[in-house]
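**Student:** Those sequence lines, one after another, are chains A and B. Just so you know, full-length UniProt numbering puts 315 at position 315 of the first sequence, and the rest follows in order with no gaps. Just so you know, full-length UniProt numbering puts 84 at position 84 of the second sequence, and the rest follows in order with no gaps.
Hints in this document: simulated from the structure, not taken from any laboratory. Warning: the hint list may mix true and false statements.
If chains are identical, the list can't say which one is meant, so a pair holds when it fits in one copy or spans any two.
As the list claims (entries may be wrong) - Quick list of in silico lysine to any residue cross-link-like pairs, SDA-like style, CA-CA up to 25 Å:
| # | residue 1 | residue 2 |
| --- | --- | --- |
| 1 | K117 | E74 |
| 2 | K122 | S92 |
| 3 | K122 | T293 |
| 4 | K122 | E195 |
| 5 | K122 | E282 |
| 6 | K117 | G133 |
| 7 | K67 | S229 |
| 8 | K67 | A15 |
| 9 | K65 | R299 |
| 10 | K117 | I166 |
| 11 | K117 | S189 |
| 12 | K67 | A181 |
Predicted model only: the values in this text are computed from it and were never measured.
Each chain, written out:
Number of protein chains: 2
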Amino acid sequence: MSVPERGFPTAEFEARLDRAQALMAGAGLDGILVMTEAEVRYFSGYQTLFWQSPTRPWFLFLPAKGKPVAVIPEIGAALMRRTWVEDIRTWSAPAPEDDGIGLLTDLLAPYAGRGAKIGLPKGHETQLRMPLGDYERLIAGLPGLEIADATPIIRGLRMVKSPREIEKIGHICAIASRTFARVPDFVHSGQPLEETFRAFRRACLEEGADDVPYLVGGADQGGYHDVISPPSSRPLQAGDILMLDTGSVFDGYFCDFDRNWAVGRADDASRRAYDVLWRATEAGLAAARPGVTCRDLFRAMQGVIAEYDTGPGDVGRLGHGLGMQLTEWPSHALFDETVLEANMVLTLEPSLSYGDGRIMVHEENIVVTDGAPVLLSTRAARDLPVIG
Amino acid sequence: MSVPERGFPTAEFEARLDRAQALMAGAGLDGILVMTEAEVRYFSGYQTLFWQSPTRPWFLFLPAKGKPVAVIPEIGAALMRRTWVEDIRTWSAPAPEDDGIGLLTDLLAPYAGRGAKIGLPKGHETQLRMPLGDYERLIAGLPGLEIADATPIIRGLRMVKSPREIEKIGHICAIASRTFARVPDFVHSGQPLEETFRAFRRACLEEGADDVPYLVGGADQGGYHDVISPPSSRPLQAGDILMLDTGSVFDGYFCDFDRNWAVGRADDASRRAYDVLWRATEAGLAAARPGVTCRDLFRAMQGVIAEYDTGPGDVGRLGHGLGMQLTEWPSHALFDETVLEANMVLTLEPSLSYGDGRIMVHEENIVVTDGAPVLLSTRAARDLPVIG
């Protein structure tokens, strides 16, 4: 197995910025301010787990012309200097009285002075990763500045992946696929579910994952009831249906898919649910072509699911985008009319409710191409596998 | 080793809410709205890794009287029903046209109608975990509602831990301490740093961690230069100073401390830096008493650091609070006049710059008591340890 080179060449960041600036020109924006982990990394290459500390805000400004400007805590300066960003402005953070607001005001005051319009991601799936009070103070100190929603621009850029991004996602999908294939070796009846989780994490690290930040699942007699819980200490037992769903990471890119197993024996209802969802995924694979909408993709899968779904388990959609975040735009849902393009990386995630409040979820990761989609995850077994 | 019971009894959530409501009454607040992982979990017990998906917002409203009200995506309803929260209002998310805003408006309209004041954490170390555009729309639809900053209330509550919280943090600190003690067994010269990280993660899981979400560090000849980078693939070599800093987790509670080693041999400058920081930590341990401020604690450590620090490495503070998040209020810094109280869990994190841009960081985790603080991490070795 060859391991993809880490990071990206400068040309990749130049291309991302070029596209952003072309879109800014079309939207009449004089710049875009981003502040979340994924967006700062996307345009700068700045990668650190330090974002887990909520204490300090981080800012990257993309001007309409020229290179990005970083406004960041001094603790991150050495790492930011290793990226392609040259204009790095720092302050000694944390500093509740002025956590970057003065520096941001200096940067943006000329824009405000001429009544410019800058973008900020403030739409669906975005967050304001700074104190709301600081944001209100920043805006109040920049009279004349117009703030527009930059979500459509960022969303449009990030949904379509580069070959190097696809290579990284493909690599972590292969690592997780190998880990799932080993589940029968390290999962067994009598094992507390939290030990199953710990064993999965260790195996996935052995297979080459940098980390396994997301691992959820469930196990219960004749089917699980919930797909986002932490593991209990209940031992697995014959008759359980077990599901594990992982977002593992390589070089800052996620996989996101799951697998289902029957422990000891498989009940008929669960076998039927599995069959329906396996075929729903096939319908998704057949439908995922450029020009098709996410809504179409939803309907293609839902058409099969309807054979068996008894409601009301409502996970809200049947898949989504995937990349630097566990879940990204778009959504395979009735509301989403995004048109598929080549090089979008997506999950197909059909789910259904059955029996007395049981739920089952299947998930695969694909990349859209000009022809049939390419599976990045190794396709799930055709029939519900039974393990010890 | 006994493993602490997971979760909390309902009485713990009742006590948290009682204290919040007493503080609300003092501040003239009619309720508090929270939406971040830590705050929703603190008041409800709702625990899931699903927060890693940025797609869906989650809300918990704490009224001035009565129990919390959850306004959450339907996918989380089953898990929320296992908490002590009874009033659970859900919608089919994601739904960009109305991701909970209608339900929140219904909930808050009576408050707006009577010109009530509700709190929202909008101060230092807080974030708005919902789209800014949705927040603006929510507020615009609630004329008459006054929004105050609830940060002082939330900060005051969360800084002082309960015995059960301290037990969980102590448990993960013990797990990480045992893992650090095993480092000489699984770290060796010639090992690429990314393999060192992977080996540490596996060992920490073996020792009983639920997860190792935060692991940073550095290694370089005669000292490392940066403390928040992901690992390189550079092999460790004789003369390196290696640092590993982990935020591992048990039942949703973090440890956060580091250890330093010399590979093969220790240079004099690094041995001196280590000695100074070890003694700076001792000064912090001696100073950490109820009634002392975080500023005092900073000065106690900085007084020792000044013996050797040559600047300008600026990590901004010399420690912080610890609990459900890797870093929490308060900060051991000149700006922070928080008065220490028994049952605060803190890091002591002295750092210094030396030589040609090298940096060294020490870190321990403690709980403040009525007398001397109790170390939750096993104290670092007196002298810089040399490993193979």
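**Student:** Compare the structure with each hint and give your call.
**Tutor:** So, going through the hints one by one against the coordinates:
1. K117 x E74: neither (29 Å within a copy, 37 Å between copies)
2. K122 x S92: For K122 and S92, the Cα distance is within 25 Å only across copies (21 Å; inside one copy 27 Å).
3. K122 x T293: Close inside one copy (24 Å), not across copies (38 Å); limit 25 Å.
4. K122 x E195: Neither. Shortest intra-copy (40 Å) and inter-copy (39 Å) distances fail the 25 Å Cα cut-off.
5. K122 x E282: neither (35 Å within a copy, 46 Å between copies)
6. K117 x G133: Answer is both; intra-copy 21 Å and inter-copy 16 Å each pass.
7. K67 x S229: Between. Shortest inter-copy distance 23 Å satisfies the 25 Å Cα cut-off; intra-copy 43 Å does not.
8. K67 x A15: within (12 Å within a copy, 52 Å between copies)
9. K65 x R299: This pair counts as neither: shortest intra-copy Cα distance 42 Å, inter-copy 45 Å.
10. K117 x I166: neither (34 Å within a copy, 49 Å between copies)
11. K117 x S189: neither (61 Å within a copy, 54 Å between copies)
12. K67 x A181: Neither: 45 Å inside a copy, 46 Å across copies.
When the structure is compared with the earlier hints, violations turn up for hints 1, 4, 5, 9, 10, 11, 12 and for no others.
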